[in-house]
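A.B. asks: Put chain W on the given structure of chain Z with help from the hints.
Chain by chain, the residues run as shown.
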Amino acid sequence: MKEKQKSRSIVVAVTALNAIDSPGPGIAVIRCLREDPEFDVKIIGLSYESLEPGIYMHDLVDKTYQIPFPSSGTDMLLTRIREINEIEKINVLIPNFDAELYNFIRIEDRLSEMGIRTFLPSAEAFDARDKVNLAKFAEKHHFTIPPYRVIFQLNELKQIAENLGFPLVVKGKYYDAFICNSIFEAEKAFFKLQAKWGVPVIIQKFIPGTELNVAVLGDGRGNALSIVPMRKLYITDKGKAWAGITIENSQLTETAVRFVKATKWKGGCELEIMMSADNKPYLLEVNPRFPAWIYLTAAAGQNQPAALAKLAMGYELPEMKEYQAGKLFIRYSWDMIVDINEFQKISGTGEL
Amino acid sequence: MKLKKNIATSEAGFVFNPGTGDSFSVNQTGAEILALIKQEVSPEEIIRILTEKFEVEADNAEKDLDDFISQLYTFNLIER
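Sequence lines, in order, name chains Z and W. Numbering that gives the first Met the number 0 puts the first residue of the first sequence at 0, with every later residue one more than the last. Numbering that gives the first Met the number 0 puts the first residue of the second sequence at 0, with every later residue one more than the last.
Excised from the complex, chain Z in its bound form:
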């Protein structure tokens, strides 16, 4: 039997190729795009560092270019993307790092003028769900969240820790969180997070319960086109899911629907929820991009990254309703062997 031809060739640029112990979502997003039956995709990897494993995964990533760190600002980013686009003629760009998203949102129109389509949340929606602003957002839209405070200096920590009580969670502005059982542990976590991500640092009451995540795709008009909840089955010491299973839970679905409606979320996001022992969903965080486990959505029947690429290309898509509950992912690590010439090339020339 002859294999059905894919109907459309597209070039998609994807960031977050760091498939490491705390993985970026890029490789999972690429896997999803490659499995779409309609698209014949050429993948352009956009990397920040020479040791991001995705750079060397040539069966998934066709060509990689390094781009400037988010702290370099939008002008440098735009210049680099323009250079890459002159060669590659990118159709869709999917950024997957929290720290880079704000820059991409700011240059969205300029990218569009170059013919590069994105499907990103508005700056307002992006800010509203920021960890620092979550309390205000939750109050306005009636979400239950654990009590927390935002601090800029160490001397604020002791009083807040006493008020919230131990254990508590000390969280970085962008990434990383530590569960702390004493003021000593909390101070240590504060210093670590301050050094890595800067201030503010978030001090949150610890809610015991079951950790659940929801991968969501919003259409930008208030509709959630896809909602796939997952329960973490194995959690690493960095709090990342190393195994998980899709579940069906109306409280999670309802939380996701309300979030997308409240923010008119455009693009992918991940809700992190703690289901307490008395079955109350606490919204812990909203990550403004697809999670690293996003391939599970495709495996369960709702390929969110491929749907996002289609939305960016201007397709109208219906709400995806069915998915398979009880689908598991189990992550594993794998040592790739890489020729030194490849490492030299990406390090020296910024492309591979």
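By construction, these hints were calculated from the structure, which means they are not laboratory data. Note that CB positions come from ideal geometry on N, CA and C, so glycine has one too. Each hint should be verified, as a subset may be incorrect.
What the hints assert, rightly or not - Heads up, simulated DSS-like pairs for lysine-lysine below, C-alpha to C-alpha not over 30 Å straight-line:
id, chain 1, residue 1, chain 2, residue 2
1, Z, Lys260, Z, Lys326
2, Z, Lys231, W, Lys1
3, Z, Lys320, W, Lys52
4, Z, Lys326, W, Lys4
5, Z, Lys260, Z, Lys139
6, Z, Lys279, W, Lys4
7, Z, Lys237, Z, Lys191
8, Z, Lys237, Z, Lys326
9, W, Lys62, W, Lys52
10, W, Lys3, Z, Lys326
11, W, Lys62, Z, Lys326
12, W, Lys4, Z, Lys231
13, Z, Lys309, Z, Lys320
14, Z, Lys231, W, Lys52
15, Z, Lys320, W, Lys3
16, Z, Lys279, W, Lys3
17, Z, Lys157, Z, Lys191
What the hints assert, rightly or not - Short, incomplete list of chain Z residues facing chain W, as computed with Cβ under 7 Å:
id, residue
18, Arg230
19, Ile244
20, Ile246
21, Glu247
22, Ala324
23, Gly325
C.D. replies: Coordinates of chain W only, in the frame set by chain Z:
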């Protein structure tokens, strides 16, 4: 007595609750009882079937069934 909606069970005794992601293993007798509950067989009838199939008195079968059902309640697998 009714299993919660969508609870998946297998002949080998694997039980999965898609609402919570919890999974459990039960022994062969447990698997058979679950299969009967799924078919909405009454507790009295389950006890009768157990006493026919296994070397067990009705009183003991009833007690074991009560224990098993109370665990199903605890693990949120059965409608309240």
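A.B. asks: Each hint needs a verdict: does it hold in this structure or not?
C.D. replies: Tested hints:
1. Z:Lys260 - Z:Lys326: Measuring from Cα to Cα gives roughly 27 Å; hence the hint holds.
2. Z:Lys231 - W:Lys1: Holds - the C-alpha atoms of Lys1 (chain W) and Lys231 (chain Z) are around 28 Å apart, at most 30 Å.
3. Z:Lys320 - W:Lys52: Violated: Lys320 (chain Z) and Lys52 (chain W) sit about 44 Å apart, past 30 Å.
4. Z:Lys326 - W:Lys4: Holds: Lys326 (chain Z) and Lys4 (chain W) sit about 18 Å apart, inside 30 Å.
5. Z:Lys260 - Z:Lys139: holds, 13 Å
6. Z:Lys279 - W:Lys4: holds, 20 Å
7. Z:Lys237 - Z:Lys191: The given pair, whose Cα atoms are some 13 Å apart, holds under the 30 Å limit.
8. Z:Lys237 - Z:Lys326: Distance ~23 Å between Lys237 (chain Z) and Lys326 (chain Z) Cα, so the pair holds.
9. W:Lys62 - W:Lys52: holds, 16 Å
10. W:Lys3 - Z:Lys326: holds, 19 Å
11. W:Lys62 - Z:Lys326: violated, 36 Å
12. W:Lys4 - Z:Lys231: holds, 22 Å
13. Z:Lys309 - Z:Lys320: Holds, because 17 Å separates the two Cα atoms, which is no more than 30 Å.
14. Z:Lys231 - W:Lys52: violated, 40 Å
15. Z:Lys320 - W:Lys3: holds, 21 Å
16. Z:Lys279 - W:Lys3: Measuring from Cα to Cα gives roughly 19 Å; hence the hint holds.
17. Z:Lys157 - Z:Lys191: holds, 17 Å
18. Arg230: holds, 3 Å
19. Ile244: holds, 5 Å
20. Ile246: Constraint on Ile246 (chain Z) satisfied, holds at 4 Å.
21. Glu247: holds, 5 Å
22. Ala324: The hint holds - Ala324 (chain Z) has a Cβ within 7 Å of chain W, the shortest such distance being about 4 Å.
23. Gly325: Nearest chain W Cβ about 5 Å off; hint holds.
Checked against the numbered hints listed earlier, the structure breaks hints 3, 11 and 14; every other hint is satisfied.
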